[in-house]
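Single-letter residue listing:
Protein chains: 2
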Amino acid sequence: MAGGPLEGVRIVDLTSVVVGPLATQILADHGAEVIKVESPGGDLGRTIGGLGVTPGMGPKFLHLNRNKRSIVLDLKKPEGYQALMKLIERADVLVWNVRPDSMARMKLSYDDVRAVNPKIIYCGMFGFGQGGRYRRKPAYDSIIQGSAGVAALNHRALGEPRFLPMVIADKTVGLIAVQMMLMALFSRERTGEGQAIEIPMFENMAAFVLSEHMYMKTFDPPRGPTGDPRLLDPQAKPLATRDGWICISANTNAQAFAFFDGIGRPELKTDPRFDSIAARFRNVGEYFRIRAESLKEKTTAQWLEIFDACDVPAMPYHTLDSLMEDPHLQEVGLFQRIEHPTEGSIVNMDLPNKLSRGARSDFNPAPKIGQHSVEILREVGYSDSDIDAFVAGKVTVDGRIQK
Amino acid sequence: MAGGPLEGVRIVDLTSVVVGPLATQILADHGAEVIKVESPGGDLGRTIGGLGVTPGMGPKFLHLNRNKRSIVLDLKKPEGYQALMKLIERADVLVWNVRPDSMARMKLSYDDVRAVNPKIIYCGMFGFGQGGRYRRKPAYDSIIQGSAGVAALNHRALGEPRFLPMVIADKTVGLIAVQMMLMALFSRERTGEGQAIEIPMFENMAAFVLSEHMYMKTFDPPRGPTGDPRLLDPQAKPLATRDGWICISANTNAQAFAFFDGIGRPELKTDPRFDSIAARFRNVGEYFRIRAESLKEKTTAQWLEIFDACDVPAMPYHTLDSLMEDPHLQEVGLFQRIEHPTEGSIVNMDLPNKLSRGARSDFNPAPKIGQHSVEILREVGYSDSDIDAFVAGKVTVDGRIQK
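Residue numbers (the numbering used here), protein chains in the order written: chain A, 1 to 403; chain B, 404 to 806.
It is possible that part of the hints are untrue.
Straight-line C-alpha distance at most 30 Å; calculated DSS-like pairs for lysine-lysine [said to hold, decoys possible]: (1) B:K797 with A:K76; (2) B:K757 with A:K119; (3) A:K354 with B:K672; (4) A:K354 with B:K510; (5) A:K269 with B:K479; (6) B:K489 with A:K76; (7) A:K86 with B:K672; (8) B:K672 with A:K119; (9) A:K107 with B:K489.
Derived list of chain A stretches under chain B, where covered just means 3 residues or more per stretch with a C-beta under 8 Å from a C-beta of chain B [as the list claims (entries may be wrong)]: (10) 43-50; (11) 75-87; (12) 168-174; (13) 366-379.
Restraint-style ranges between C-beta atoms, simulated for each label pair [unchecked claim]: (14) B:G736 with A:N364: 52 to 60 Å; (15) B:N686 with A:K77: 34 to 42 Å; (16) B:D514 with A:K76: 55 to 63 Å; (17) A:G131 with B:R740: 33 to 41 Å; (18) A:E267 with B:D801: 20 to 28 Å.
Read the hints as simulated data drawn from the structure, not as lab findings. Backbone N, C-alpha and C fix where the C-beta goes; we use that ideal spot for every residue, glycine too.
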C-alpha cells in the first residue's frame, strides 16, 4: 500500500504529453494508483521533452510520470479495447486529453464508459468548450497561450506578443484538472454518484488571465483599460545591484517606508508622490525608477542584509542553475538523487507540500513503455497464454526491464 | 443550499490578497461555504488590485472573492479571538496565508486549533518551508518569481531577468492549495481524521519551473544544460501575418508536413533538417525562422482557413481586449454581466469547467467588508446585544448594505 491521502483511488490514465500527465502525477504522488495506458507508439511526451539515456525517456517525461505504471494497449484492436474496459470496470477515474469526438470514435464516450462502471468519474481535458465554434479545434500550449491572452500580456509589457517561456497553459490546466477530479471524488464519497467533467483549456486560461487583467473593464461601462499597469510596467523586473540582481517587494506603507530608510532616502516617506499605497500606485513608474537606480550602489549580499534587518521583503535572484544550488532548497531536501533502473542517476524533486498524516511512502521512477503491461493484464484476469497472444498480436508490448 | 460537489463544506478563511483568496474562491464556486474573516482594515487585496466604484472594491477583489461572506473580527481583542474560535469549532477547514510564527503568536497554531476541533483541516500557505534557512522570510509574488527561476526563464529568452506579467507564483500556489485541501477532505471522508498542510510558495514554484526546465541537468552527471531550448528560443512567439499575428503548433510529423504543404513548401517534408521530430528539434532555430518568414504573405483569416482545412493546429492571436470579444467565448457564455449591489454592472466570468452533476447554483458577488458580520455572529449564537457591544468596541464592523 502506497499511503497518502489518495490511497486506494484507482486512475485509468489515457493522457499524454503535459496537461494530463502533470495532473495524474500529482494524484499518483499522493497515493493514487495510476495506470498509464499508452498506444504502441507511446506517449509523445516520451520524445518531445528532450533526449534521455535510453529512447523514450526524456527528462520532462521522467519528471511528469513517476509513480505511474505503464501498460501498452492498441485500442484499435478489439482485444486492446476489451482489456481497457476491464481496467475501467474497477477504476474510480478515467482521465483523457484528446478531442471529445476522438473519444466517441473509440467508443469511449461517457455513456460507453458508465455502461460498465456507473460510478466512474470521467474527466476530459481538451482545447475548447463543446458549446462554441472552436469545439473541434485541436489545442496545444502555444496556441492557447496566444489565443487566451497570455502572449498579449507580454505584448503589453515588451511591445510584441510573445509566449511565456514555459508551457503555462498545459500546466495551469493540469493543476485545475486535479482539483476537478478531487471534487468529484469527494462528492462521490458523500453521494455515491460519479459524474463527467469537461475541462476546456481555452476558457480556463482566458479566465485565469482575465481574473487579474480584465481590470478596469470589469466595470460596465469600463472605468479604464484592461491590464494591471504595475505588472505590465517595463520596470517590473528584478533590480540590478552592483554584482547581480535582487528581488524586493514593498507594498504596504511599513514596507515602503522601511525601504526608503534602507536606501538612505528617508525624505521619500513624506513625499506626496510616495506617502500612501494610492500615491505610489499613481506614480508607479517613478517609484519603480527610484528603486532601480538606488540599488546599483551595493552588492546583492549587502542589500539582503539591510533589507532583512528592516523587514523589507527581499530575495536573491536565481538563474535555473543557481536555483538548483540554493542552500534553503538543499536544507529542505527538494532535490534527491535517485537511481533509475534504465537511466542511471537522476535528480528527482520531493513533494514541496507537507501533510501531517503523510504522503505516499514508496517511490517509483517513471516507467519504460509497457513496463507493467504483463503484471496489469494478470491483475485483471488474463492468463499467461492470453498475454503471450496479446504480445504476438501487437495488442500490447511487454516492456519489462531485464535485470 | 448552494449545490455543487463541495456543498456542506465549511471553510474559515483568514487569507488575503491573491494566493489564498484564489484558492478559497474556487472552493466557494463549487459549493463550499466560505467565511472570509477580515481585520478591521480589511483584506489588502481590496485596495491593491485597482480602484473600484466604492472604496475597497477593486476589480481584482471582485474577481477573487465572489461567493464568500465577509465578517470583520479584530483578533487582537479577546472577543474577536473567541468569535473566531466559535467559527473554527464548526468548520471543516481553516486556511491562512501569513508566516507560521504569526499564527502561533495569535494562538492559532495547529495545536491551538485542533484543541477545539480535532477533525479540522489546517492549511497554511507561506513563503518558505520551515526546515530551511528562509523559514522566517516574508514572501510576495515577485520575490518568489525572482528567486524560484521564473524571472530566469525570461532572462534566457530575452537577455535580462524579468517577471512574467501576471502574479503567476500566487496563482499557481493558490491552485495547488485547492488540491491539497481537497485531498485532505477526501481522506477525512474515508479515515475520519483531519490534518495540517504546509504549502511553501518557494519550493512549489521551484518544482513547477524545474519539472519542465531542469532538462538535461535531470541527469547526474548532466547530459547538457538546463532549459528547454524550444521554449527559450527568441522566436517562441506568435507569428506575424500580413495583418496581425497567428499561433500555430506543428509538432508531429503529420502536423509539420501539413504545415509545409499549407505554406507551399512541400519539399521541406523530405528535407533532412525537418523530416522527423528529432530533426526539427535539432534544427529548431531554422524551423522557427522558416515558419516566421512564410506567414507574412497572407492575412490571419486566410491562414486560419488554410490550416483548419489541413488540420494544422492554429488559432488567432488575441489581445486582452479582443479576447473579451471572442465569438467562441460569447457562445459558451464565459462573460456574464451582473448587477453588484454597490458596484453597479460588472463583468463576471462563469466557471469554465462543467460537472455533469452541476456546480453551485446560486451566485453571490464579492462582499463589502463586514457585509455578513452580523448574520454570521448570530449563526454562532451571539445575541443582538452582544453584537451591538462588538460593534461599539470595534471587535467587528457591521458592513451590511443599506437597501
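The hints, checked one at a time:
1. B:K797 with A:K76: violated, 69 Å
2. B:K757 with A:K119: holds, 17 Å
3. A:K354 with B:K672: The hint is violated at about 50 Å.
4. A:K354 with B:K510: holds, 21 Å
5. A:K269 with B:K479: Holds: K269 (chain A) and K479 (chain B) sit about 28 Å apart, inside 30 Å.
6. B:K489 with A:K76: violated, 59 Å
7. A:K86 with B:K672: Roughly 41 Å between the alpha carbons, so the hint for K86 (chain A) and K672 (chain B) is violated.
8. B:K672 with A:K119: violated, 47 Å
9. A:K107 with B:K489: Violated, at roughly 52 Å.
10. 43-50: It holds, with 5 qualifying residues against the three required.
11. 75-87: violated (count 0)
12. 168-174: holds (count 3)
13. 366-379: Coverage by chain B is violated here, the residue count being 0 at a Cβ distance below 8 Å.
14. B:G736 with A:N364: 52 to 60 Å: violated, 43 Å
15. B:N686 with A:K77: 34 to 42 Å: Holds - the Cβ-Cβ distance for N686 (chain B) and K77 (chain A), about 36 Å, lies within 34 to 42 Å.
16. B:D514 with A:K76: 55 to 63 Å: About 57 Å separates the Cβ atoms of D514 (chain B) and K76 (chain A), which means 55 to 63 Å holds.
17. A:G131 with B:R740: 33 to 41 Å: violated, 18 Å
18. A:E267 with B:D801: 20 to 28 Å: Violated, at about 41 Å.
Hint violations for this structure: numbers 1, 3, 6, 7, 8, 9, 11, 13, 14, 17, 18, all remaining hints satisfied.
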